[in-house]
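When you get a sec, could you build the whole thing from the sequences and use the hints?
Taken in sequence, the protein lines are chains A and B. Going left to right, the first sequence walks through residues 0 to 465 as numbering that gives the first Met the number 0 numbers them. Going left to right, the second sequence walks through residues 0 to 465 as numbering that gives the first Met the number 0 numbers them.
Hints may be right or wrong, so weigh each one.
If several chains are the same, the list does not tell them apart, and a pair holds so long as it fits within one copy or across any two.
[Unchecked claim] Below 27 Å or equal to it, Euclidean Cα-Cα: the simulated DSSO-like pairs (lysine-lysine) are:
(1) K374 <-> K415
(2) K459 <-> K299
(3) K43 <-> K25
(4) K374 <-> K229
(5) K248 <-> K415
Since the hints were derived computationally from the structure, they do not count as laboratory data.
Protein chains: 2
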Amino acid sequence: MTTIQKVWIPTESGYQSVDVRIEGDKIAAIAPELEPSGHVVDGKDKLLLPGFVNAHTHSPELWQRGSIGPLPLELWLGDLHDFAPLDPEAVYLSAVGTAVETLLSGGTTVVDHLVLSPGQEAESVEAAVRGYRDAGIRAFVGPLIQDMDLQAGLPSGGLVREVQPFPLSTQATLELMADLVERFHRPEDGIYIMVAPTGMQLCTDELFAGCIELSDCHQLRRHTHMLETKAQKMLAYEKYGCSAVQHLKEIGFLNAHTSLAHCVWLDDADIAMLAETRSTVVHNPLSNLRLGSGIAPVLKYRAAGVNVTFGCDGSASNDAQDVLEAIKIGSTLHNTTTFEYRQWITPRQAIEMASLGGATGLGMAEELGTLTVGKKADLVMYDLTSLSLLPKTDPIGLLVLGRPTNVVDYAWVNGKSVVAEGKVATVDVEQLRETLWERSQWISDRPTPTRTASESHYRKVMGLQP
Amino acid sequence: MTTIQKVWIPTESGYQSVDVRIEGDKIAAIAPELEPSGHVVDGKDKLLLPGFVNAHTHSPELWQRGSIGPLPLELWLGDLHDFAPLDPEAVYLSAVGTAVETLLSGGTTVVDHLVLSPGQEAESVEAAVRGYRDAGIRAFVGPLIQDMDLQAGLPSGGLVREVQPFPLSTQATLELMADLVERFHRPEDGIYIMVAPTGMQLCTDELFAGCIELSDCHQLRRHTHMLETKAQKMLAYEKYGCSAVQHLKEIGFLNAHTSLAHCVWLDDADIAMLAETRSTVVHNPLSNLRLGSGIAPVLKYRAAGVNVTFGCDGSASNDAQDVLEAIKIGSTLHNTTTFEYRQWITPRQAIEMASLGGATGLGMAEELGTLTVGKKADLVMYDLTSLSLLPKTDPIGLLVLGRPTNVVDYAWVNGKSVVAEGKVATVDVEQLRETLWERSQWISDRPTPTRTASESHYRKVMGLQP
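This is how it looks when you write it as structure tokens:
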């Protein structure tokens, strides 16, 4: 049991000081004054918020952050692909690193669209799950599955191109998924396996159908990439003769437990379909800028009643896991898309998108995302005396619009303290730092055969000069 | 004298380990190995770069950061204006705070377009200069002068509106400027007064002319806001019948020592005029997003040969002074403006824009902005073993595209150590933090009479529904 004393929480338009009781994995009480019992935490000059959801990332990309130049997704993917596959210990370490950065920037849940090392698919999942358990973060792990070769992800543009068959068959992939669900899906421990086909650009309808079946059978959340780039929009029309959203709706993939990463290239009809199916948009602003994917029409989503939340995306396309950074840019970026400032996202709305919006996208709105008695205690307490949150003005304004550093004082996940007195309590961060140092080496001039092989085709179909 | 041993510096396309000697205010030697002499600093696993220029800010806004909601510039200015004027001690503290955040994010020079407290104009400049001297940062202080009322900054749209005379006359303002130059312009100490009329929206040609004369007489740098918003573009055509750039060129304000903050709403002819006059664009990406000003056509500037550098802008429109954040967003944002990724800004180009580009905009390219023997020793050394810069991949890629925190190990300005072993050496940061805490109070529901008075007119001229 924990009692947080005299902590600020937001009210409708201001703040009030309260005591908060955590019992087991739940918020047991919130009141102006509570009998101190259990572990007593001083909340004076602190702000308590529900934890954020880092709603889309690929943890293994941590090993490549900072290393890929300015390239659009389709060519960037080639470079990513040419990096040596990770051994399970490396997957473990990047999961832990992702958890640490997420926790220290206000996140208590991570959605890991997990890159699988070929031939070690189950080991990759085991390692990431172990990393998240050790870090104590709530984790939704969606193994990144596909059943088509990378080259199939480019529109043909009417040109001939070589596409190899994918090494793992659709059936084998679905069997792998069923096995992973059985072995690792443990909601009671805060570890959830999701069905997460890479995206319509690399997956057959058969793979989607198998994922839908598995999802229905085990109440799994669904996740996929959706129209991140203009090339994908072109490809969808080539493949289906309609938009990708319409096709995924028709095959039954979209529902209230489906979250869709990116959603940059949707039109008004697509947006209406997201609202109708109650799908969630995961906005990854930093990745969308870095890869030049475009600016997702987030204000249109909000106007249409579509739930929107934020992700950092993988660390090779951002290149960090700072949730507060994603919230800042993800909420201010859209001010450039309309002069009607009354539609602009306020800091309080941004906070709600990152917490309740994230929970909603995972079908967890009843259990997470607000400071409500009876909900799970996934909480973050910020130190308002930190230099980066001074002078005192408005706590949430400072947190969202500033550049907070070293501000997370405490964090709890499922009622357990995972950050205490500004330090991650579950992970030896100094040891992690040393291990990351030892296991990596400065990269100069990485070979880029996959990008090189597809660049000429990409430039042609995108209408770029040779 | 200082000898930095075995530090990484960038080469054409990679890195090399060198020793660096600082003598007096200069870089005295760079070689694979130097005789250690003077203060010896271990550069192992560190990266040395020229210091960045935080090329546009308004330090007193620190007191309002986080407090103004999502509003376009013209209405946001109303809220800013309604905040109680600062006393000189507050101006001193926000200058020190701005210097500290700039130094800890790689900046060694700040350009402060300094808001003056009415009736205490000279005291404001004295306080800010004192703050920058105490912090040891190189500072260009451009007193924010105007000779027209705030309401004159809105386009009339053919409507009648009330514009009061400005309390200080043009002549009095110019006399003030001459006095400030005499009292505070000390280039040898790293303190420079600039002529910095607020912008064409609030300044008469007479004020510009007086500034030009003063600038010519004392070799002062010139700085102003330029076409930050669409409303300003409209206003320029109302006032001059031509673009603001053309007008400022015609009256002789634009030259190689002129830097122009924002430059969001320029057309191709304007861009050609910037190139012709060798003016510098200061890009403030975070402020432009937050205020919904738009996305400056930075790739067009670069293609036209216009020098571009980065600023944080004041802390009420960003709301932080993290130069690395401005560099990250300012370099990746433009990837969304063209599919031709070969024009996208690389991390190395971004670093050069922030250092040499900043120096060029201040007419200091011969003295600052590169690691060159004989140039002034304005240097920053980053700790590559920091968790936020791991795993090891590419140091500059990690620094620009990641979210580096607590990474500045040492910084020197004019050869003097201002950050040492990760701590600001010149300022008692803990004392600063306490003072900022004590001198501020949480703001709820600030009164907004100025915004309220102009909102209806603003909405009309911008074509927004009432």
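Taking the hints in turn, this is what the structure says about them:
no.: 1; hint: K374 <-> K415; in the structure: within (14 Å within a copy, 54 Å between copies)
no.: 2; hint: K459 <-> K299; in the structure: between (32 Å within a copy, 23 Å between copies)
no.: 3; hint: K43 <-> K25; in the structure: within (22 Å within a copy, 48 Å between copies)
no.: 4; hint: K374 <-> K229; in the structure: neither (40 Å within a copy, 46 Å between copies)
no.: 5; hint: K248 <-> K415; in the structure: neither (39 Å within a copy, 63 Å between copies)
Hints 4 and 5 from the earlier list are contradicted by this structure; the remaining hints agree with it.
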